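Add chain B to chain A, keeping to what the hints say.
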Amino acid sequence: MQLLEILKESLPSLTTGILVTIRISIISLILAFILGIILGIFTISKSKILNAISTVYIYIIRGTPLMVQAYFIYFGIAPLIAQRSDPMVCAIIAITLNASAYMSEIFRAGIQAIDIGQMEASRSLGLGYFKTMQKVILPQAIKIMIPSIINQFIITIKDTSILSVISIRELTASGQIIVARNFKPLETYAAVALMYLVLITLLTLLSKYIERRLHRGHKSV
Amino acid sequence: MYINFILLYFLDMKGDIKMKKKSIIGLVLSAVMAFGVLAGCQKADASKEDASKKYIIACDSKYAPFSFEEGGKYKGIDVELLEAIAKAEGFEYELKPMDFSAIIPGLTSNQLDGAIAGMSITEERKKALDFSEGYFESGLSIVANAKNSSLNGLNDLNGKSAAIKKGTAGSQFAEDNQSKYSLKLNYFDDSPTMFLDVENGNSDFLLEDYPVIAYKIKVDGSSKLKIAGDKLSSVDYGFAVNKGKNAELLKKFNDGLKKLKENGEYDKIVGQYIGK
Numbered sequence: 038m039q040l041l042e043i044l045k046e047s048l049p050s051l052t053t054g055i056l057v058t059i060r061i062s063i064i065s066l067i068l069a070f071i072l073g074i075i076l077g078i079f080t081i082s083k084s085k086i087l088n089a090i091s092t093v094y095i096y097i098i099r100g101t102p103l104m105v106q107a108y109f110i111y112f113g114i115a116p117l118i119a120q121r122s123d124p125m126v127c128a129i130i131a132i133t134l135n136a137s138a139y140m141s142e143i144f145r146a147g148i149q150a151i152d153i154g155q156m157e158a159s160r161s162l163g164l165g166y167f168k169t170m171q172k173v174i175l176p177q178a179i180k181i182m183i184p185s186i187i188n189q190f191i192i193t194i195k196d197t198s199i200l201s202v203i204s205i206r207e208l209t210a211s212g213q214i215i216v217a218r219n220f221k222p223l224e225t226y227a228a229v230a231l232m233y234l235v236l237i238t239l240l241t242l243l244s245k246y247i248e249r250r251l252h253r254g255h256k257s258v
Numbered sequence: 137m138y139i140n141f142i143l144l145y146f147l148d149m150k151g152d153i154k155m156k157k158k159s160i161i162g163l164v165l166s167a168v169m170a171f172g173v174l175a176g177c178q179k180a181d182a183s184k185e186d187a188s189k190k191y192i193i194a195c196d197s198k199y200a201p202f203s204f205e206e207g208g209k210y211k212g213i214d215v216e217l218l219e220a221i222a223k224a225e226g227f228e229y230e231l232k233p234m235d236f237s238a239i240i241p242g243l244t245s246n247q248l249d250g251a252i253a254g255m256s257i258t259e260e261r262k263k264a265l266d267f268s269e270g271y272f273e274s275g276l277s278i279v280a281n282a283k284n285s286s287l288n289g290l291n292d293l294n295g296k297s298a299a300i301k302k303g304t305a306g307s308q309f310a311e312d313n314q315s316k317y318s319l320k321l322n323y324f325d326d327s328p329t330m331f332l333d334v335e336n337g338n339s340d341f342l343l344e345d346y347p348v349i350a351y352k353i354k355v356d357g358s359s360k361l362k363i364a365g366d367k368l369s370s371v372d373y374g375f376a377v378n379k380g381k382n383a384e385l386l387k388k389f390n391d392g393l394k395k396l397k398e399n400g401e402y403d404k405i406v407g408q409y410i411g412k
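Sequence lines, in order, name chains A and B.
38 is the number of the first residue of the first sequence in my numbering; add one for each residue after it.
137 is the number of the first residue of the second sequence in my numbering; add one for each residue after it.
Hint data in this document are derived by calculation from the structure and do not stem from the laboratory.
Bear in mind that the values here come from a model prediction, so they are computed numbers and not experimental data.
Where is the CB? At the ideal position from N, CA and C, for every residue including glycine.
Treat the hints with care, since some could be wrong.
Said to hold, decoys possible - Some chain B residues well away from chain A (every beta-carbon gap over 10 Å; in silico): (1) F272; (2) L319; (3) G380; (4) E384; (5) N390.
Stated by the list, open to error - Under 8 Å between C-beta atoms, here's a sample of chain A residues computed to sit facing chain B: (6) P116; (7) Q213; (8) F220.
Chain A on its own, in the form it takes in the complex (with noise of 0.2 Å):
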């Protein structure tokens, strides 16, 4: 019984935790889903600069790891722009890059996965290079990238619990505190544990329910 007792006291803290995780979590993957498609064209595209501009960004985002890029962001960068930052912000957009540089990667690599020859095929037939990407390429891609991408939004939720060392108080911050209280971490990160576990499986079953709308009548092993 003392277990519940440990529960409900700490219940409307990992609430206001969880709601900070997923307020981020939403915000940043709708943002770095952008910012990925944006990056994967520039990725396939026949413009060296535009290649060039990919390449460096994945380069250092992927090359470093979340929490050093959040310490630079917050502590490093936002000093020298504003007079005072918001926390919140800086979150976001340490996510946001991080993000959508693993993103682009996933899109380049669905649209790669599309044989040439539906492109020479719908170029022939009198479409121009982005409706062909639009009406032919994208549609095909989507279905095969939706694994992918619910994976790394999937990575990028549980990643948000990093950003807790810039002030950010969301659920696994939350936990340390309560623990810093009632001296009971087996309790309080279990429950910790179990909100992730609901959170993550609730998005899990969503993307399952996708799958299947979209591979309606279309077999495969």
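Then chain B, alone, in the frame of chain A:
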């Protein structure tokens, strides 16, 4: 163990042994070899245990002047007091620097035997831990940005934002008084980032133990921070162990501390950093 190698060598010589038999013998030999290595390790550990218990003692990974890293080595009041006491009392220990918020959970789960980490002795903590005699007298100070002329003491805290370190006495004070002063609380994992946030102007003030801020201002030279008002409280730092465990370690600490205070070594160690 070497017998295994010799046997394997002879096995190779007899080329006409069938592959299957060879591989079975090889597997058995490697299993025996692995077992032998493990057994050997066990024996070494056991003999060490008999000789003297090596305590695992934690300190804060970044909490100048009590424990901090310089030139690849850890030093500071906590680190050096512990070293001197261990020498005086004749016990061995392994120092484990870590984030403060991990120390108390480490103690209560018995992964740590003791901790010396600028930890204030509070009634709350006494419920879960046993403390030594106080080894340092301290107290909380309000610290604000040096350029902030409007924040000079307890009365100026209304509606301000506080940078606090998780699990500390400072965060306890801030949480207890949060509604009274309508404070916004920003939690950090360590002292350096907590200080940085006030220096950068993202938080209005922080709560820190007096000796830490005194040392920082002394070391920084041109100071970006200032102490606002008088000490908020007076509290002792203690060496902590899990409640009911390691009583002999606690006693050794108390005895050693007394010896150091008597022979002047305590004043020498503390004076190095605080210059009192």
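Hints versus structure:
No beta-carbon of chain A is positioned within 10 Å of the beta-carbon of B/F272; the least distance is around 21 Å. With a minimum CB-CB distance of about 14 Å to chain A, B/L319 clears the 10 Å threshold, and the non-interface call stands. With a least beta-carbon separation of about 14 Å from chain A, B/G380 lies farther than 10 Å from that chain, consistent with its non-interface assignment. For B/E384, the requirement that its beta carbon stay farther than 10 Å from each beta carbon of chain A is met, with the minimum near 23 Å.
At roughly 23 Å, the least C-beta separation between B/N390 and chain A is larger than 10 Å, which holds for a residue marked as non-interface. At a threshold of 8 Å, the smallest CB-CB gap from A/P116 to chain B is about 4 Å, leaving the interface hint in force. Interface hint status for A/Q213: upheld, as the beta-carbon distance to the closest one in chain B is roughly 5 Å, under 8 Å. Proximity of A/F220 to chain B holds as hinted, the smallest CB-CB distance being about 4 Å (cut-off 8 Å).
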